[in-house]
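S.K.: Residue strings, one per chain:
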Amino acid sequence: MFVSQFLLLAAFLFAVGVYGVLARRNAVMILMSIELILNAVNLNLLAFAVLNNAISGQTFALFVIAVAAAEVGVGLALILLIYRNRTSVDVNDLDLMRG
Amino acid sequence: MLDNAYLVPLIPAVSFVAILFFGKRIKGGQGAHWIGIPAVASSWVLSVAVLWQWIQRVEDAGGEAEHAQGASTMVDGVRALLTRVTEGAEEGHTFVGAVINTVDWWTIDGVDFQVGTLVDGLSAILLFVVSSVSLLVHVYSSEYVKGDRRYTHYFAFLSLFTASMLFFVLAENTIQMIIGWELVGVCSYVLIGHWWEEKPNADAALKAFLTNRIGDVGLMIGVVVLYWGTREAGQNTFSIDTINRLAASGEIRHLILLVGALCLTAAVMSKSGQFPLHTWLPDAMAGPTPVSALIHAATMVVAGVYMVARLYPVFYEGLSIGTSSINVLAFVGGFTALMGAALAFVHWDIKKVLAYSTISQLGYMVMALGVGAWTAAIFHLVTHAFFKAGLFLGAGSVSHAAHHTFDLREMGGLRKYMPSTYWTFLICSLALAGVFPLAGFWSKDEILVGAFRGQDNGYPLMLAFGLIVALMTAAYMFRVIYYTFHGEYRGHGVPHESPRTMTVPLWCFAGLAIVAGVVNLPAPVLEPFGLEGLAHRIETYAEPIEFLEQFDSFTVADPSLGMAILGTVMALAGIGIAYLWFWRGLGPHGLTERNRVAWHGYHFLENRYFLDHLYTGVIVGSIKGPIARATYWFNQNVIDAVVDACGTYSTRFARWLYRNIDQGVIDRTVNAGGEGAELSGAGLRKIQTGRIQQYGALLFGAAAVLAVVFVIVI
Chain A
1 MFVSQFLLLA AFLFAVGVYG VLARRNAVMI LMSIELILNA VNLNLLAFAV LNNAISGQTF
61 ALFVIAVAAA EVGVGLALIL LIYRNRTSVD VNDLDLMRG
Chain B
1001 MLDNAYLVPL IPAVSFVAIL FFGKRIKGGQ GAHWIGIPAV ASSWVLSVAV LWQWIQRVED
1061 AGGEAEHAQG ASTMVDGVRA LLTRVTEGAE EGHTFVGAVI NTVDWWTIDG VDFQVGTLVD
1121 GLSAILLFVV SSVSLLVHVY SSEYVKGDRR YTHYFAFLSL FTASMLFFVL AENTIQMIIG
1181 WELVGVCSYV LIGHWWEEKP NADAALKAFL TNRIGDVGLM IGVVVLYWGT REAGQNTFSI
1241 DTINRLAASG EIRHLILLVG ALCLTAAVMS KSGQFPLHTW LPDAMAGPTP VSALIHAATM
1301 VVAGVYMVAR LYPVFYEGLS IGTSSINVLA FVGGFTALMG AALAFVHWDI KKVLAYSTIS
1361 QLGYMVMALG VGAWTAAIFH LVTHAFFKAG LFLGAGSVSH AAHHTFDLRE MGGLRKYMPS
1421 TYWTFLICSL ALAGVFPLAG FWSKDEILVG AFRGQDNGYP LMLAFGLIVA LMTAAYMFRV
1481 IYYTFHGEYR GHGVPHESPR TMTVPLWCFA GLAIVAGVVN LPAPVLEPFG LEGLAHRIET
1541 YAEPIEFLEQ FDSFTVADPS LGMAILGTVM ALAGIGIAYL WFWRGLGPHG LTERNRVAWH
1601 GYHFLENRYF LDHLYTGVIV GSIKGPIARA TYWFNQNVID AVVDACGTYS TRFARWLYRN
1661 IDQGVIDRTV NAGGEGAELS GAGLRKIQTG RIQQYGALLF GAAAVLAVVF VIVI
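Residue numbers (the working numbering), protein chains in the order written: chain A, 1 to 99; chain B, 1001 to 1714.
Honestly, the hints are just simulated from the structure, not real lab data.
Incorrect hints may appear among the rest.
[What the hints assert, rightly or not] Partial selection, computed: residues in chain A whose CB lies under 8 Å from chain B:
#1 Val21
#2 Asp95
#3 Leu96
Beta carbons: idealized from backbone N, C-alpha and C, even for Gly.
Based on the provided sequences and hints, a complete structural model is requested.
M.R.: As structure tokens, then:
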């Protein structure tokens, strides 16, 4: 098996996602980066499921996709409301919790 | 009844409580006598029962003794009396111990304090006298104080007084005696001040109370001294019976008896109005007249006389009455009798004249006790209670009819308007003067005989006092009668006879003043009628020979005819002098205006020997100034200094505490805690940026570090 290729791809995707989350200013882009992270995890799950010849990993991946869809729905709604209030989705402006 | 004698004072006591709670509800506050009179009436019935049963008891004891000697048998009291009549009076009578019932009250250090009743001839006689006078006064009062705003209050305290006096009479021990003594004092105080809205009345009440306190101190010390006497004799008791027994048998030392008797004499001086503590009694006339009749003539003021009679062995032994020919008791009594009678001449207030007469007659009784004529003293107590109460009620009736005045100058000629009052007053006056054959004649005669014969030797000075007082008594009483009932009416308005609720008690007292003498008639008088067995009833039933039988003196001398004639001559001479002076206008009238010596004498009497000035001005004045100043100095310099020092040092200590402990230790600790929290907060604040990406960077960075650590370690 070429598990290591899948894992490397997943690690790359994860790293790209983390970079996006930490570095992008646009909230929508951050949300998309989070999708990348989730999908990197999905890849890992599938890879190990095939390796171990077990179906539970694939089931898990399905759940993750469903939950990710819901999460994006909620996240986009939040961003929409933030935009309506402040006419901006720049996360650098969202520092109301600063101590 | 002898065993349940406690019921006699209990009934008026219950009546007192009942009147207090419910009296105002009856007839709009004017019906308290509907409780008071029945209560006292039932007390009276029970007193009569006690007296009757005591007589029976003595007779039965005598009967048994005679039975043992083979003499006639006796069935009941009446037959017993009659049998004794036929047997003659000369044989000795048997002594019957008192009926004593007690319950333990409390015990401390091996001493039992008890409450109970002591019934013997003396207390039975007093029960009868007190409840009789009280009953008649209750009836009289229901008219006299009618419409008074404190009608209920008046009857409540009349009931309480009756209960207290009966309780005092039945006292089994000296502690109970003190309680009864104080209770009657309080009732006297309340009733003298019944119309306290007027200042003189309130002052009189206070004066009576405070003067009595002086004697009360003597009473308490005397009781304690006697207790120590019994303790020395190994008895540890307050029981009157035991004290008497020990005193008579000589088991208590003479010195203790002497000190005890002297202290108790001080108590007699205040309560029974003896010189020099008599000054409260004339002022006590500020109270309602029936109160004066009941409390300040017939019953409470004889408490002192009764106490001496009750503890007679103490006085007899302590003052050596049997062997001396003068002693404190006899002298104080005789002197009081003389000077009280002298004061009765100069006063214009009819009640004050009667008050001084009461002082004088109480002096007579005390003198009789002092010379050892025990029976005569009690006899005189009984007769005096009846005729003096009658005189007071007569004075009340006069004032009730004649515009509420007691001033003799505003009376006169009342004989026509109020015949009942006049005749009863005259009868009682004659009885007081000691005119044959009224009650006062017999009792006064016995006292004179007692003073003449004395015990081992006579009391000549007392006999002289007694005879002079007999003359003076007759004279001042007829002065009062002249000014009140004869001549022309000097007041205003038309006087009228009092209603029947007042005249009936008057006639009852007048009747008693006539017949009360029969209770102790001498044998020679009764001999012609074949009734000589009825002679000397008080002597037979009451004399405490049980304790003092070793003294022959206690059998009263059969009066000599000479003494009786001498006494009567004195009384008639007094009446004659008064008649000549007032009715005929003879004698040196106006002497007091012409002669300096006479004027000074009159002035001296009018101001009551300046005793009131001495007490309030000299004694009280000289004591209260320095004492007040000394107290003020003490207050300022000692008490205030202590208080100030306490305050100053407390302040200083508190200030030190504030500075060093509160500010220095506690506050600093708290502040340090606060500052620490502030500093750490300020430090942590810097990493709280509010930027979510920075948090995320930290999170992922930490996760990366952990991953590296895991990889390397594992």
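S.K.: Now tell me if each hint is right for this structure.
M.R.: To see whether the hints hold, each was checked on the structure:
1. A cut of 8 Å between beta carbons decides the hint on A:Val21: the least distance to chain B is about 6 Å, and the hint holds.
2. For A:Asp95, the suggested interface contact is upheld, since its CB lies about 4 Å from the closest CB of chain B, less than 8 Å.
3. The closest approach between the C-beta of A:Leu96 and any C-beta of chain B is roughly 6 Å, which is under the 8 Å cut-off, so the hint is satisfied.
In this structure, none of the earlier numbered hints is contradicted; all agree with it.
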